[in-house]
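**Student:** Here is how the chains run, residue by residue.
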Amino acid sequence: MQALNRHIHPGWLIIAPLMLMVVALYLGPILNILWLSVTDPEPGFSNYAKLTEGDALIRIVWTTVRICIITTLFSVIFGYSIAYAMVHCHQRQKTYMLTLLLVSFWISILVRTFAWLMLLGRKGLVNVTLEDIGLIAEPVAFMRNELGVLIGMVHYMIPYAVLPLLVSMQSIDQRVMDASRNLGASGSQTFWRVYLPMTMPGLVASTLLVFILSLGFYVTPAVLGGGKVLMVAEYISVQLLVTLKWGTAAMLAAIMLIGVLVMLWIMSRFMKLSTVFGGAAR
Amino acid sequence: MADPTQTGSLQIRNVSKFFGQFRAVNDICLDIRNGEFLTLLGPSGSGKTTLLMMIAGFLDISKGEIALDGASISDVPAEKRNFGMVFQGYALFPHMTVRDNVGYALSVRKRPADEIRNRVDEMLELVQLQEFADRKPGQLSGGQQQRVALARALCFAPPVLLLDEPLGALDKKLRVEVQEQLKDIHRRVGTTFIYVTHDQEEALSMSDRIVIMRDGAIEQVGTPKELYERPINQFTASFLGKSNFIHQNGKVFALRPEKIDLMPGNENAEARMRGAIRNITYFGSMQRIIVDTDEGAEIEVDIDVWRNASDLAEGLRVDLLWKDSAAVELQTG
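Protein chains in written order, with full-length UniProt numbering: chain A, 1 to 282; chain B, 1 to 333.
I should point out that these hints are in silico values taken from the structure, not numbers from a laboratory. We treat Cβ as the ideally placed atom computed from N, Cα and C, and that holds for glycine. Among the clues, some could well be false.
Stated by the list, open to error - Sample of chain B residues at the chain A side, in silico, Cβ under 7 Å:
1) M85
2) F87
3) R109
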């Protein structure tokens, strides 16, 4: 025991149960999926080879990536503006905005998606209003297409985009902006040369968070896409529950996982990930 | 670069700043001369920083006018005033190298790259940070960051440099060192320095003139020597250095502790007051002696240790002596 203590820090004993839980509940299943993708239905890379046979699978992956990129772009742009407004308005307005943000954050994705279903339909509030004020003659197809999926996803993702940005913006010393003005920089010069670079870790965190969460979207594409917009998550569920091709499902899941890891690795080439995930900025 | 016709004298005319009902700065008039080192000294809440922020253009002036070389700048926005500023906490750009920090003012003015490089080199030499040009501010010590802030503020040759408690974050030994460097840099660049502090030692050792402020108004303006030797009221006398206050014939006099002499025994014919030592505190170079006088007052006396007097002890009867010129009559009320 003495010899053991000398080599193993006693702190490990305290976190050992948690480590075991992480291994059992996360690492195990993930390895299992990776394993399934190369063993089911037969050992080998036949599942991955399916990506090159025909373009159906590739199209699904491409649709997913495209929707995620557009969703991330708009969520982060809106999120940045909202976070900026929240940081720079009066305390009372800030409280209102934060409350609204958190309320929409807490409402179930199912409820929010069905709310959009009612708003965006041919006889929905948006189309009826636009027709009444004479902006359009025919109802616009907001749903059962990619536009509908994008509206639903961007709306859902905005709170996720705002929160990391809010933290990052709140930590900025206003005197640094004053210093920039004092040195003769205009408002836009100060924004592009000081404010934006200083909020970059928050921006990257928010982009990663939204993009990764978007990859797994299931309910919104299924409801607002009306079966016409097939994303990876929905396809995986079909493979699991309907066609029972677990190998294909596992392969697609593995591809998404690897994609995310590759993205993080590329990011780490350009900046320290510890600053993105809230470590000390140095 | 700064306009060469600007020489850097400032006229502050009846300037006030109200925050709601609160008068942070109340009807201040002050002429700041070109090239001088002027210190705004006062306790916190005296309005010195508010006044500085109005000069910098970060706060609007509620009433009155500020002029540079006679031309009003009250409506000129901060980014067009061309005043350098060293902020409390320095406010360096953390994502830029020291070189980019220092060159920022020239770079936003779209000066050619080699002009910026030369000027930055010149500035880094002035503050002796040449070898740190490619570091980020986070990799520098507090004293080095302070010098980067100074170089950044001076890089575009502003007619006026504003300093907001720039030494507040440094430890005491470093402060004395940086004070000398600041004074030296002031001599070399010849820019008007307006320096805000609540530290009276800083004010005394660096300034050409000191403005003592209280409750948004000016109490007294003068050279450090004038203020120390001839304070006009109790606030100035006690805020700048220590003072005894002696009440005689309805008048109040200020008397510095180091200008009093102390003689053991009670036989000196020239004694101004007599009393007994209550307390002696030893400070190495001098000792501070508190005397309870027979009139019931309490007088502090600072005596150089070498001059006496191991025979001083608590409870000893002493005579207090001083020259006529040592006691300064104060305004009362």
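**Student:** Take the hints in turn and mark each one as holding or not.
**Tutor:** Hints, one by one, checked against the model:
The interface hint given for B/M85 is met, as the beta carbon of that residue sits about 5 Å from the closest beta carbon of chain A, less than 7 Å. Taking 7 Å as the C-beta cut-off, the interface hint given for B/F87 holds, the closest approach to chain A being about 5 Å. Restraint check, B/R109 versus chain A: the minimum CB separation of about 6 Å is within 7 Å; hint holds.
Checked against the numbered hints above, the structure breaks none of them.
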